[in-house]
Amino acid sequence: MTDLTNLGIAALRDGVASGEFSATEVATAFNAAVAAAQPALNAFIVTTPETALDAAAKVDADRSAGKTLGAMAGVPIGMKDLFATKGTQTTAASKILEGFTPQYESTVSQKLWDAGAGMLGKLNLDQFAMGSSNETSAFGNVISPWRRPGDTAPLAPGGSSGGSSAAVAARIAPAATGTDTGGSIRQPSAFTGISGIKPTYGRCSRWGVVAFASSLDQAGAMAQDVTDCAIMLEAMAGFDPKDSTSLNLPVPAWTAGLNADMRGKKVGIPREYRLDGMDADVAKSWDDGIAWLKDAGAEIVEISLPHTKYALPTYYIIAPAEASSNLARYDGVRYGLRDLPDGAGLQDMYAATRAAGFGPEVKRRIMIGTYVLSAGFYDAYYTQAQKVRTLIARDFTQAFEQVDVILVPTAPSSAFALGEKSADPLEMYLNDVFSVPASLAGLPAMSVPAGLDRAGLPLGLQVIGKAFDEQGVLNASLAIEQRAQFSARPAKWW
Amino acid sequence: MSVDTATVAKIASLARIKVTDAEIGAMVPELNGILAWVEQLGEVDVTGVEPMTAVIPNTQRLRDDVVNADPLTGGDMRDAVLANAPAPEHGFFGVPKVIE
Numbered sequence: 112m113t114d115l116t117n118l119g120i121a122a123l124r125d126g127v128a129s130g131e132f133s134a135t136e137v138a139t140a141f142n143a144a145v146a147a148a149q150p151a152l153n154a155f156i157v158t159t160p161e162t163a164l165d166a167a168a169k170v171d172a173d174r175s176a177g178k179t180l181g182a183m184a185g186v187p188i189g190m191k192d193l194f195a196t197k198g199t200q201t202t203a204a205s206k207i208l209e210g211f212t213p214q215y216e217s218t219v220s221q222k223l224w225d226a227g228a229g230m231l232g233k234l235n236l237d238q239f240a241m242g243s244s245n246e247t248s249a250f251g252n253v254i255s256p257w258r259r260p261g262d263t264a265p266l267a268p269g270g271s272s273g274g275s276s277a278a279v280a281a282r283i284a285p286a287a288t289g290t291d292t293g294g295s296i297r298q299p300s301a302f303t304g305i306s307g308i309k310p311t312y313g314r315c316s317r318w319g320v321v322a323f324a325s326s327l328d329q330a331g332a333m334a335q336d337v338t339d340c341a342i343m344l345e346a347m348a349g350f351d352p353k354d355s356t357s358l359n360l361p362v363p364a365w366t367a368g369l370n371a372d373m374r375g376k377k378v379g380i381p382r383e384y385r386l387d388g389m390d391a392d393v394a395k396s397w398d399d400g401i402a403w404l405k406d407a408g409a410e411i412v413e414i415s416l417p418h419t420k421y422a423l424p425t426y427y428i429i430a431p432a433e434a435s436s437n438l439a440r441y442d443g444v445r446y447g448l449r450d451l452p453d454g455a456g457l458q459d460m461y462a463a464t465r466a467a468g469f470g471p472e473v474k475r476r477i478m479i480g481t482y483v484l485s486a487g488f489y490d491a492y493y494t495q496a497q498k499v500r501t502l503i504a505r506d507f508t509q510a511f512e513q514v515d516v517i518l519v520p521t522a523p524s525s526a527f528a529l530g531e532k533s534a535d536p537l538e539m540y541l542n543d544v545f546s547v548p549a550s551l552a553g554l555p556a557m558s559v560p561a562g563l564d565r566a567g568l569p570l571g572l573q574v575i576g577k578a579f580d581e582q583g584v585l586n587a588s589l590a591i592e593q594r595a596q597f598s599a600r601p602a603k604w605w
Numbered sequence: 465m466s467v468d469t470a471t472v473a474k475i476a477s478l479a480r481i482k483v484t485d486a487e488i489g490a491m492v493p494e495l496n497g498i499l500a501w502v503e504q505l506g507e508v509d510v511t512g513v514e515p516m517t518a519v520i521p522n523t524q525r526l527r528d529d530v531v532n533a534d535p536l537t538g539g540d541m542r543d544a545v546l547a548n549a550p551a552p553e554h555g556f557f558g559v560p561k562v563i564e
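Protein chains in written order, with the working numbering: chain A, 112 to 605; chain B, 465 to 564.
Calculated directly from the structure, the hints in this document are not laboratory data. From a predicted model like this one, the values you see are computed outputs, not experimental measurements. Hints are not guaranteed to be accurate.
Stated by the list, open to error - Taking CB as the label site, the calculated pair distances span: (1) A:Thr-263 / B:Leu-526: 55 to 61 angstroms; (2) B:Asp-540 / A:Ala-147: 44 to 50 angstroms; (3) B:Leu-526 / A:Ala-143: 46 to 52 angstroms; (4) B:Met-465 / A:Trp-605: 45 to 51 angstroms; (5) B:Trp-501 / A:Thr-263: 31 to 37 angstroms.
Using N, Cα and C, we set each Cβ at its ideal position, and we do this for glycine too.
Can you build the whole structure from these sequences, using the hints too?
Here it is, written out as structure tokens:
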């Protein structure tokens with residue numbers, strides 16, 4: 112029998128449906144792969160092999176009974192530990208939530224279980240999704256399965272969805288959920304040679320997802336290829352009355368609509384993304400992407416997004432501001448950690464609990480957010496940032512009057528080594544330079560593998576689409592995927 | 465604009481995060497580095513630009529005014545609500561005494 116862990120969503124689902132193998136065999140194979148890799152990669156915070164087997168047994172029983180199987184039936188996945196899972200610890204990779212056992216299931220995870228998926232475990236991430244390297248987790252770094260040839264230095268899997276990217280790249284999970292606030296699906300996907308899509312803001316319910324920056328947070332799919340991402344996103348998305356920003360729109364049949372023919376489509380290339388001193392391999396992969404989309408029939412159009420350079424500083428005001436408000440709920444009263452020093456009053460308990468429970472990057476962002484929202488500074492920082500955000504979104508609206516999709520690199524470099532950027536917060540923030548603008552504008556965006564750089568590490572290309580046009584994003588990504596022919600895999604060392 | 469140790473101590477107090485003097489000392493240059501960098505937003509001409517309030521146009525919905533219309537977010541859930549509390553007492557959240 113083929114090694115089941117090499118298969119993606121579509122192949123696993125179809126194999127289970129046809130009886131080529133059982134869902135239980137699939138879950139057993141992935142449970143074993145997870146257990147074998149966990150000591151080396153640390154991709155999971157908790158593993159849930161029994162949960163995966165229970166879901167598989169139900170799929171096998173349903174198949175035997177002749178019932179219609181769901182779109183993800185028999186596919187065990189990794190669940191980013193930012194989604195509340197009933198009865199399974201949910202931490203956001205923070206000590207402040209260690210031991211927190213949700214009494215309810217997030218809408219997105221419930222939809223995936225309803226579609227027949229099973230859970231292999233809860234995936235590690237940057238603490239509260241704040242980070243670009245998975246080095247801010249309270250449960251240890253995730254180690255990328257990728258290494259530079261001839262070098263054993265541990266590399267970053269990207270962040271914040273670093274457990275998700277590492278698990279899919281290492282083939283210990285066929286797919287994983289991610290969340291994206293400023294690039295947390297796309298950048299780790301690029302770093303590990305997998306595909307990842309963030310849909311339009313509001314497509315996936317935020318109910319039951321630990322909040323970071325609510326006007327930006329959006330769940331999405333991370334998988335081996337574009338088709339698998341389409342299948343999974345279709346299962347995750349949909350209107351949810353429990354999320355006030357959920358889009359009340361039907362979920363299009365993205366998988367059925369996949370079409371790599373780009374004839375008649377215009378692809379925008381924003382000149383502001385060609386930064387001085389851009390990495391030569393990143394620039395070359397971008398040129399490759401342009402050639403591939405041309406080959407697929409698209410017309411290439413140079414465009415301008417004039418406020419691009421202001422996206423990152425805008426993001427680093429708005430996201431911390433929202434985080435400082437969202438994270439006020441961690442007070443040691445209702446759930447999570449409580450640190451009550453002897454003789455302490457209520458205010459002392461709050462301060463001690465938050466000092467003990469939050470990691471340094473989370474504290475830093477709460478502090479920045481508190482400052483930019485404080486009396487006297489609110490207008491200079493926060494209101495100004497919200498106005499610039501309007502201009503950034505307007506740039507995209509105007510560009511999309513001329514083009515159907517936009518093609519840019521996903522990240523300014525391939526994966527860096529752990530520790531390489533963690534000393535300087537600003538340097539780490541700059542890693543999000545290409546992913547943040549689409550987040551600020553709420554647009555769908557996808558990273559798809561483009562090739563390897565001179566260090567032998569994956570590079571991603573990013574397709575940004577109009578609001579609600581996930582189909583256009585998926586189609587252009589598919590056209591790239593078919594021409595990039597990316598088949599590199601990390602050599603197994605774990 | 466830049467922050468000094470007194471300002472950082474004030475922010476930490478507003479954010480309800482206990483910090484040591486050493487931590488404050490380390491945070492001052494870090495926060496100043498970040499604030500100096502975001503300062504560049506001041507050069508953008510925002511005359512007549514409205515601050516963004518909703519990234520994707522949407523309308524606010526109201527749920528039906530029915531008790532427990534959605535059982536997941538409705539009432540009668542005391543035990544579930546208290547299940548993760550660090551110190552539940554008599555069906556309530558326990559906190560340190562606040563009135564002497």
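Hint by hint, which ones does the structure fall short of?
Violated hints: none; all satisfied.
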